[in-house]
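Colleague: Listed below, chain by chain, are the residues.
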Amino acid sequence: MRKNTNIGSSYSKQDRVAKPISRRSVFKMGLATGIAVPMSALGQSPNRLRPQPGDQLVFEEGPNQDALVRPELLELEQRPLSALARDPATEVLRDGSRLNRVMITRIDSEKMSARYQANAAEGVIAYSAVCTHTGCDVINWDEGRLRMACPCHESQFDIYDGAKVVGGPAPRPLAMLPLEVVDGIVMVAAGFRGRVGFTQQF
Amino acid sequence: MIRSSIFLCCSLVSSFLFAQALPPYNPVTAERLLDPEESNWLMYRGSYDSHGFSTLDQIDTENVDGLVPVWSFSTGLREGHQAPPIVNDGYMYVTTPQNHILAINARTGDLIWRYVRYLPDDLQQFHPTNRGVALYGDRVYMATVDAFLVSLDALTGELIWEVAVEDYYNGYYMTMAPLIADGKVMVGVSGGELGIRGFVAAYDVMSGEEQWKTYTIPAPGEPGSESWPGDTWQTGGVPVWLTGSYDPDLNLAYWGTGNGGPWMGDTRPGDNLYSSSVIALDVSTGELKNHHQYHWNDSWDWDEVSAPLLIDFERDGRSVNGMVHAGRNGYLWYLEREADAINFVDANPYVYQDVFTSVDPVTGRPEYDMTKKPGTGYEASFCPSLWGGKDWPPAAFDPESRLMFIPANDNVCSTMVGEEVQYSPGRSYMGRGTSENGGFFVRPGTDHIGELQAWNVDTGERAWTTTFESQNWGPVLATAGDLVFMGGTNDRYFRAFDSRTGEILWEQRTNSGITGVPVTYTLDGKQYIAVQSGWGVDAQREQNLLNMAKGESHYVPQGGVIWVFALPD
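Each protein sequence line maps, in turn, to chains A and B.
Heads up, the first sequence is in our numbering, so the first residue is 1 and it goes up one at a time.
Heads up, the second sequence is in our numbering, so the first residue is 1 and it goes up one at a time.
One thing to keep in mind: the hints can contain errors.
What the hints assert, rightly or not - List of simulated lysine to aspartate or glutamate pairs, DMTMM-like, C-alpha gap at most 25 Å:
1. A:Lys164 / B:Asp122
2. B:Lys372 / A:Asp142
3. A:Lys164 / B:Glu552
4. B:Lys373 / A:Asp142
5. B:Lys550 / A:Asp142
6. B:Lys550 / A:Glu143
None of these hints come from the bench; they were simulated from the model.
Looking at chain A on its own, in the form it has when it is part of the complex (with noise of 0.2 Å):
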């Protein structure tokens, strides 16, 4: 009898059932209609890059939503908001994939850890919504420690820390993405530092 192991492949996404109400769902009829849509130098798709240097935020939800992130609008220690990058030349929405979206909100640089104060602007910090635990989104706050939490697994992560994991079983922290003010507006000024999302164990 032989002994296998075989590496399944998961999918494709030509094949997946796709709902005609997401964005990206729209991105791949466009692919499928032969409709010409902007390819990176790479031949990815733009809006699923990852935020790039020099790529404006974008709030995703919240009171200004839609609006170019500035200092301004964020409170202090305020609950995190999930916003998009956005290239500024092309105008091309970040929004092609889960991993690109980051939660922002605004601290006192004088408490952050030293080794991740260049990653803040003006107070601005972003870390990627994405728990390195299983992948969900890291939307829920504690107001009284400043934890970013996870709802699926109770993963939290202290925001004046690098994100670093302070409770529950997620295994590494949040990838942070830096970020610089130029001209009063929120910018990217690095790719993320750390890996986005979680590691699939084999």
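Based on the hints, put chain B in the right spot on chain A.
Modeller: Frame of chain A, contents of chain B only:
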């Protein structure tokens, strides 16, 4: 939709190092599924009636204290190992988190093959687990967390076909063991936290062609649609994430359904049919023939996804063709099943429950203490907690003693408040705000949480209760040896109980906490007990909240191991 393995990127590693004298594979026929032999464990609960009971009695109350491990097998994975080892004449199939399937020589514990599924990077797993395979012919079937149904060769593990049941990106996923009956393989979908519209779908067991798909939320104009306002039906949740029971005489499959979404009932005023219900689907057509809703307009996250156990019981001198369900809502429900109706018989609490003020004696419809019903901007506390009196771990029934065994949790409660939430495909759509200590507390003055309860289904009386300080997430196996097997506690023990008294007769400490479904079978006439140990998912989540509530740091190690026990020769 259906793809042959020939187009897929697979790698195959072969080895003859562990070549064993495996017998020829015994194909699983419809007849064998209808009347499973006691020497095997061919499906999730052992039989279509979901009794979780075996007539094997070699291991009994007199000798169970001699049980010893025979072999074990590390899965190499973390998180919740909840699947039963499915056994067919020497071949054992075990699923793990991340949708691995291990095919193992049940005699030796040697690996025959391993299927490993690549999961998409952007997948989110609310419940990183899987609850087992289904068998038919010479094939193995698994529902995946990225919402595919796969069919594999039972001897080689080669993928024969896979079907996209839905799009994971929109929040659909699957953790249940498929149900195979009447030439079809049936699955339901998870994702009630993510704005899905739940359904059960059936596929031809050989070709994978879709046969029918029945939504758990009626579309406008369909019966029951008036119980959903506006467009709420499109994203109202009502998942089906546990294997159904099947009555071959009626050709009806009975499925438990989840709560509506978002979690707060005031976002979807109405009864929200067929949420928190049992639904009977005609296996030939998928037609929803009848239903019973355990509770309406849920605001407590009380899924009722456990399929009812098909049990004929006595009531008032009458034999009832019935079914019994230990509800997450804390009530033990007795129902009558007929071809065209599900009739309410009676219901009473089996754990402390402070929400229902009454249950209509004719219809079974409960009335609520509305101060205990959280809403948008209205915080309320209630018992049992959002995990209910019993969550997913299956109960068992011994038809000889007439006892039903319930793995329960008592004395834990929740506090919840709703907040406005906006639908976005695949994103959290619960609308639960933040409450103190994660919205979880233990009732003051109580000394335990976990329970194993035994109820006589004919008298409706509780026979005994064995308690544990720990929470209990242990699926139950009952045997004709007057034994009940269960783990489930945070001290990592797997235990055998005297089914007549609840006394603990044997226990074995394992590598991790046990939330796996135990099974029993024979090889060469000798009885074995098998179970997975591997703590995770909601058992771990509750532990985190208990640690916060008690100021403790109790640690339950993770990592899956298959354990097999037997009496010494």
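Colleague: Run every hint past the structure and note whether it holds.
Modeller: Structure-based check of all given hints:
For the hint pairing Lys164 of chain A with Asp122 of chain B, the CA-to-CA distance comes to about 22 Å; that is within 25 Å, so the pair holds. Distance check on the hinted pair: Lys372 of chain B and Asp142 of chain A sit about 24 Å apart at the alpha-carbon level, within 25 Å; holds. Proximity of Lys164 of chain A to Glu552 of chain B is assessed by CA-CA distance (about 21 Å); at most 25 Å being required, the pair is judged to hold. Of the supplied pair hints, the one linking Lys373 of chain B and Asp142 of chain A holds, its CA atoms being roughly 23 Å apart against a limit of 25 Å.
In summary, the hint linking Lys550 of chain B to Asp142 of chain A is supported, as the alpha carbons are separated by about 18 Å, within the 25 Å threshold. Among the hinted pairs, Lys550 of chain B with Glu143 of chain A is consistent with the structure: their alpha-carbon atoms are about 20 Å apart, no more than 25 Å.
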